[in-house]
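Asker: Below, each chain spelled out in residue letters.
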Amino acid sequence: MTDRRSIVKVLMAQFPLETHSRGLLTVSTMLRDEGMEIVLIGNALPERIVECAIQEDADVVGISTYCGGELILAAQLMKAAETRKIKGRTVFLIGGIFPLDSIPKLKKMGFSGVFPPGSATKDIVLCIHNALSSLEK
Amino acid sequence: MRERTTKEILSERSAARQTIPLFNIEALDKIKSDFHSWKRSMLNSKPLENWHAVPQTVLGSEIPREMLYTPLNIANLDYSQSLGNPGGEPYTRGIHPSMYRGKLFTMRQLCGAGSAEYTNRRLKMLLAHGATGINLLFDLPTIQMFDSDEPESRGYVGTVGVPINHVSDMEAVFDGIPIDKISVSLVTHYPRNTAILFPMFLVTAQHRNVPWASLTGSVQNDFIMETVVRSATEYIPPRDVFRIQCDNIEFVLGNLPRWNFITLNGYNLREFGTSGITEMAVAIANGIATIQAMQKRGYPVDRIGERLAFFWSCSSDFFEEIARLRAVRRLWYRITRYRFEANNPRAMWMRCHVQTSGLSLTREEPKNNIVRSAYQALAAVLGGAQSLHVDSYDEAYSVPSEESSLLSLRTQQIIQAETGVTEVVDPLGGSYYLEALTNELEQMILDELDEIERMGGIVEAVEEGWLHRKIANYIQREQIMIVNGQIRLVGQNYFRAPAVKMPSISIYQHDEDLEQAMRQKLAVIRRQRNNQELINALNSLKQACVHGSNIMAHSLEAVQAGATVGEMREAFVEAFGPWHPPKYL
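In the order they appear, the protein sequences are chains A and B. If you read the first sequence in the numbering used here, its first letter stands for residue 1, the second for the next number, and so on. If you read the second sequence in the numbering used here, its first letter stands for residue 1001, the second for the next number, and so on.
Derived by calculation from the structure, the hints in this document are not laboratory data. Keep in mind that a hint or two might mislead.
[Said to hold, decoys possible] In silico lysine-lysine, BS3-like type, Cα no more than 25 Å apart, as pairs:
1. B/K1501 <-> A/K105
2. A/K122 <-> B/K1501
3. B/K1501 <-> A/K107
4. B/K1367 <-> A/K9
5. B/K1367 <-> B/K1521
6. A/K108 <-> A/K85
Quick caveat, the model's predicted, so the values are computed rather than measured.
For reference, chain B alone in the conformation it holds in the complex (with noise of 0.2 Å):
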């Protein structure tokens, strides 16, 4: 007999509980009589052919709405089994009792760009202005994994990104930054380079004589990135990425109990295209997968939902992406407390950093993207998000500027400071259209989670191609909708100014000098270093790949050995061998 799945262990704990319905049926049926009439009285037929609206949005639902929310479209709901206080079960209203009066959110502006150096004055600089934590930017080499001096690097080293060959550029990007009090977001993306550069970190604090259980932050680790999102010349099986994300994990708990060893990464994927839904129903299969093969290695999930975290997208639907992240808070707890039957409520938490949409920024009149990126900013804090990014203005066409980024803080910092907004926990709470926009979403994530359960689960769904199709789908399906003018974008296809001036594109400039200094830096590093014991060192790292044990204590050897990215990245190709994604087309 097949596994039950998720939605179906859900829907029989609902069915077992007695509710007590907020509303009374007197009340109810007062109402619905009074909205009828009001209805058949106060609109005429214009409004009533059009009671219900599609939202056609960047990256959207396409939930239809109805004109009016009364307590009629949640007439069944019960306030403590579907709302509580914050700080209680389901958390829907929020993770802590006081929320951001007890603590704000965290305002973690992506950074890194151009040399080691340069990053950490960049750094250094966020952190004078108040920025609360790092998030640190890798560029397309050191991402993909490949070394700055071999052929696929030409022309990008430095680019997006720090290029990180060896340990002593870790050290470097952190020089003088107090990572044993400041909180570190290592934007490491995939399983694999997070098994190269997190131990370059790791060493770095080795290095400073900072122990590794004081440490703060959090790993991308996501094998949906690796597998999925990601493009790329080469690719190791999913089920091997898989296996290494835990692997990170599994080290993790063993010696950084301060540390997020997992950040479920449905930003990227939405972005690449796929709605809000298809974003959460996938970061939460992959949570439920790693939780059960994490199980199977003997850890409970009191312990591993305490920390894992998600990341969120956040677009410009503004009452949807509040309701998105009050579902997905709920959703989350129910599949910890009832599917796993966790008892600590920390691991109960679905706990997350949003970022603005990046996607539903446009070239045209970029100012405009300011306006954008503060309402999307909005909605995540009326969500009740732990961690911010807001994207800054030139992001659609450029690497953000030192002016813009700094906008971009000083955007968090009005929401925290002038707007008001952080006294009350869950402002909106109790909004008849919240609430059910909240339910229904809830709803179609499960629908969505069910699809892919009754694949056999997220791991099979990615092998089988599942995902690569519905993305190639969506993104199609919004270019028309883009084309076409039905979804809207003000300046671009909405009231187009007749003359357009686009904005000059300044994106980072290939620096020769940076890539021929790393070329030549790694020269000296391969000389100088001992290659016996780096060689065996990868070797056993490849053993490790092999044979099933963890990979983590051989990645910190190779990493002390002086291993490089590249050599790293290869180790593990050699090991596991190619996959070849599914076609798009």
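Next comes chain A alone, as it looks inside the complex (with noise of 0.2 Å):
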């Protein structure tokens, strides 16, 4: 993806069991509210996210999560995009309620944001634009 759109593409996901949706919804929002383009999956399997990212061409792909899981589902969802070559064209980012020191393992695997409850969206908006223009370079 080398001509970035001017608007920011964000597909929104959370894992297939999930049944909180609070926090994708609200963030969705405030991003859309940004200017940014949303297209809000749902719940989806990290494969089946990954392949919707391809589909909508996605910028950016945002995952919530509430109830643990996060690392194995957050694996699998990084081993799929490299399989499928999007990883290190896309940005992924992920919040949600996890413990603290999961936050090093996430962006080790390769999300550029993490963020714990309460985060700012003026961060969350920082994050993004700083990720899109590293991948730019």
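Please dock the two separately framed chains into a single complex, following the hints provided.
Answerer: Here's what the structure looks like:
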């Protein structure tokens, strides 16, 4: 993706069995109000999330997680992203409730931003723009 | 001609009633003139400018409040018609004559985490410490009706509740627990998983020779939970979910006279993102639709109403929460009495379980949550709740620890044993403020119910996306109000400490051993059962779904044949086909 659109396209999803979607919805609306284009797919298997990101040609994939299991599923997601060759071309973000020691692990996996509860919109937006411009280089 | 709405029916009835106002005209005139001269002479201009204030609280209604309430706010109050005595119509003051003196509220704390064996020990611990009911939580795969060995369940087995794949797991959870003596609330949420998990509980009882008729407890069985509040990979159409809700009810009516077959769950809807008004309007609309559907099946309101219960959220606006419980109790009475012409008092009772608001809790300075939850719990008790769960202070960011869940139970026990509030029935009844607020809330719930009924009813409102949109708008608006500080949260956005040290988050750590053990157990089950018998049972379940006969007998048969939760989910999906919920954004 060399020629970035002027409008950032964000695919928002959560892992298959998460029942709470308030966080996903809140962040989606926040980013929409920041002028981004949101594709909200809701619950999906990691492989399906990557598939949708390719179909939609998304610049950013945002994941909401609440209920644990984030390390296993995030690893699965990144593996699928690698297989489908979008890792390094698409920005991955994750937010929600997880133990704080998961943060460095998630970053190491390739998430450009990891957001625990209470993160500010401006930080998420800033993170998206920084990550996108470092991709362009 | 269209059917008259509930609001139309109730206003005709109230217009036809003769009222006997509590305050006489002479007294009111005097109060009025005194009040105006008091305002003029005693108050400088500032309080007068701000006479109305709008409390901005988490999940609040934003009803403007006056600075002072007087008899003028409830000038037409007719004691017997608006309040009455507790245990008597219109039940505003409580459903029982002596309320908590006769029967204290049930202290029903949620429980369920990790393996069946661990959950069994936690349940026994809570019972040993004086809990008087069980509230069982299932893990995410079970709630979403997936087996532990399906790809979707990867990483989630044992998360936020106990995994149940098969009837043997249910037996392990209740091992040694006297299910014929203690009331059991199965937090099944959805009609579809009620039709899966409840039969597993019933077969457990059968295996222990406990007659179904002796069982007491409840299932949630609420189609709003499955079609609106739930987030999932797959859905079935709302109309079919509503039908399963009614099938479950019909089965209980025929077999378990002491079981509450539906808990109209306002709580999760509100905590997802609606006001306390929408919470109640939607639950009531579902209650009305349910009574109508069951009447069509030949069951009178006097029987259905007896076993229908509500589940409410109790948030931070103290008086509003008390008033809301009183308002909805009176409204439910009016609906059952005047719209459905019930005669059985028990069918007119708005019986409810209340949980304090998880959404109002903060991760910043988590011990503040103990205080928040205690006030909310007190409001629920002053409002006359039948049963209570107090959220633990770490619930904003963790699965409650043993220490914090015991503290929640202690919060309830302190209210019961030390505050003295349970000695007097409806102690705030008659307060000018509370009665005015009760009236206003009842009217607002009724107005929103009217909006739903004009769309054709709650099933149509869900199909059309009205409720989905309402939630999305509410969440967005509330989030902005929290971010810009209009809604104040002490320690988070108000009097925030200069350096906030966030507590570490301890959520249920994924237990790979448990996940593997559950998968292996399933493999053995799938090998050892009679699979032809199972296929036949699942086919007859699908047939019942398609042809419209009650599904519950077939669900029981499938469970007895060793069906797993995931296999039964698939049977429902095959029979009813997919539904795509309305888009939020």
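Asker: Now look at each hint and say whether the structure bears it out.
Answerer: Outcome of the hint check:
no., hint, verdict
1, B/K1501 <-> A/K105, "holds, 21 Å"
2, A/K122 <-> B/K1501, "holds, 21 Å"
3, B/K1501 <-> A/K107, "holds, 22 Å"
4, B/K1367 <-> A/K9, "violated, 40 Å"
5, B/K1367 <-> B/K1521, "violated, 41 Å"
6, A/K108 <-> A/K85, "holds, 18 Å"
The earlier numbered hints that this structure contradicts are 4 and 5.
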